[in-house]
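For the protein sequence lines, the chains are A and B, in the order given. Residues are numbered in my numbering as their position in the first sequence, beginning at 1, plus a constant of 76. Residues are numbered in my numbering as their position in the second sequence, beginning at 1, plus a constant of 76.
Watch out, some of these pointers could steer you wrong.
Intra- or inter-copy, both count: the list cannot distinguish identical chains.
[Stated by the list, open to error] Simulated crosslink set (EDC-like; lysine to aspartate or glutamate; CA at most 20 Å straight-line):
1. Lys-216 x Asp-296
2. Lys-362 x Glu-288
3. Lys-98 x Glu-338
4. Lys-362 x Asp-281
5. Lys-98 x Asp-117
6. Lys-216 x Glu-241
7. Lys-362 x Glu-282
8. Lys-98 x Glu-241
If you are wondering where the hints come from, they were derived from the structure by calculation, not from laboratory data.
The residues making up each chain are set out below.
Protein chains: 2
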Amino acid sequence: MIQQLSIIGIGLIGGSLALALKQAGAVARVTAYARRQETLDQALALGAIDYGSTDLGEAMAGAEVVVVATPVGAMPAMFEQLAPHLTDDMVLTDVGSTKGSVVRAASMAIGQLPVGFVPGHPIAGTEQNGVGAAFADLYKNRRIILTPLQSSHPDAIATVRQMWEACGAEVVEMGVEHHDEVLAATSHLPHMLAYALVDTLARMDESEEIFEFAAGGFRDFTRIASSNPAMWHDICVANREAMLSVLNRFSEDLAQLTAAIEAGNSDYLLQTFTRAKGARDRFAEKFEDSNT
Amino acid sequence: MIQQLSIIGIGLIGGSLALALKQAGAVARVTAYARRQETLDQALALGAIDYGSTDLGEAMAGAEVVVVATPVGAMPAMFEQLAPHLTDDMVLTDVGSTKGSVVRAASMAIGQLPVGFVPGHPIAGTEQNGVGAAFADLYKNRRIILTPLQSSHPDAIATVRQMWEACGAEVVEMGVEHHDEVLAATSHLPHMLAYALVDTLARMDESEEIFEFAAGGFRDFTRIASSNPAMWHDICVANREAMLSVLNRFSEDLAQLTAAIEAGNSDYLLQTFTRAKGARDRFAEKFEDSNT
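Please put together the full structure from these sequences, using the hints given.
Take a look at the structure:
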């Protein structure tokens, strides 16, 4: 059991972690830091935390595990601020959607990385934000990626792993750079396409009418375009290299598909659609298996 | 009430139409043509049709309304074959996802377009195919677009409109070319993006692993990549011009977004994501209003 968990920046992700650990009886006490007292009051009212403070040092004092759960763009400043309050025995992790940028930020702020630091990324979330949207089952049957560093102590890795497993999640480990490439492909690229598509249509002359005739498939396809713009701005900055790589790769493939439509290249079209359908159907089967 | 409806090519779309009209008591008799007797047997067993024939003339004999419900790519040949069996009093419509190509096919096959011909397109469907997937509620609260021609008789338009309204659908009218532009934007472009995305990822070296770490957002985003490859090949051929126009427009916008990520242009990124989220949220509200 974790004696004290301190969540730095409590919203959907941190709040759901706190609720899940409390429900599982895997934490004795949860404290939180937020910039606004209102957020802490909300977290207290929900029973997600036992104590909240707008003073970072007070919120972190006595922590066994510190989870940095601010937006990725706020992490460099947050690591600067929390560095003086870190003690040698604290386990430190985060929930950032990109990992290279977080490790760089921690390194800049703290200097030599502490042995207790184990970067992490829960593959879970909704289009909602804020602690008010938190719920205990958010991580159930979801994947958590940990990207332990050479400096990470095995005990710290085990503590972070057990914390997430107590929430019902499946924990996997991979390298920082590999994480950022995989997420660029599976999450960051689709978000860019959804945002770009909706924006392209919204700026057409007949945009009002266009949306009138969109059907269910369009609704599913564009759901992720309702995600938080500030968060996605941060991710674009934080994972720039990996995103540019998959964006360029996709753009080349789309240009080839467009050329095939222009040329009426039936073989190319049928092969591409068939290959994609096969991959999507296999993925759907796997996803159903692991998430129901 | 329609005395006899004849469905040419009975699958999900034609089967669901038959079931809906029967449930509403809006048709006395349904006949169908299919290439394979097996399909007709299935439709008979489901109670979707009263009579089926692999002979087109037999299936159409006595029809008050003929609905061509084959894939778009099969329509040119189908109009050639059904032309000799059309009589002056028959109302003729179709369910093709593109309308310019259908009108061209009918014109080539029949010559002067009959006054009973009213092209149509139900904005409904699933990723499933075949009459076995048909269900009576498919068109409930869905939009049906009719694209009446200068040659279309008002009585024929009224008959087709009433047929779809009896299924619980909302019928709207627009021009053929306008239909093809709107659908290219809201349906054909998203399908191309979903196919291209899944195919790009599937052809990466680490594709197996990539799909392992895809989350719920990815599942929704790529659902339409499970659609029928042959059908989408046909649509690419049939609606080539309008699709190329929106594909090029989208590719330019995506190139600008990529450039903004490369340049770290925060204003551009935030503005684009915010505008897209606003449009998506407004669309979602409307969609919920009209489809629940």
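Item checked: 20 Å Cα threshold - placement of Glu-288 relative to Lys-362 -> Classified as between; 8 Å across copies, 34 Å inside a copy.
Notebook entry, point to check: Should Lys-216 paired with Asp-296 be assigned to within, between, both, or neither, using CA atoms and 20 Å as the limit?
Noted result: between (22 Å within a copy, 19 Å between copies)
Check: Is the C-alpha distance from Lys-98 to Glu-241 at most 20 Å within one copy, between copies, in both cases, or in neither?
Finding: Answer is within; shortest intra-copy Cα gap is 13 Å, inter-copy 53 Å.
Check: At most 20 Å between C-alpha atoms: does Lys-216 with Glu-241 qualify within a copy, between copies, both, or neither?
Finding: within (9 Å within a copy, 44 Å between copies)
Checklist line | Same-copy or cross-copy closeness of Lys-362 to Asp-281 [CA-CA at most 20 Å] | finding: The answer is between: 19 Å across copies meets 20 Å, while 41 Å in one copy does not.
Next item on the list: Tell me, please, which holds for Lys-98 and Asp-117 at an alpha-carbon limit of 20 Å: within, between, both or neither?
Entry: within (18 Å within a copy, 58 Å between copies)
Item checked: Copy assignment of Lys-98 with Glu-338, given that the CA separation must stay at most 20 Å -> Classified as neither; 58 Å inside a copy, 42 Å across copies.
Next item on the list: Evaluate Lys-362 and Glu-282 at a C-alpha cut-off of 20 Å and name the case that applies: within, between, both or neither.
Entry: This pair counts as between: shortest inter-copy Cα distance 16 Å, intra-copy 40 Å.
Against the hints set out earlier in the document, a violation occurs for number 3 only.
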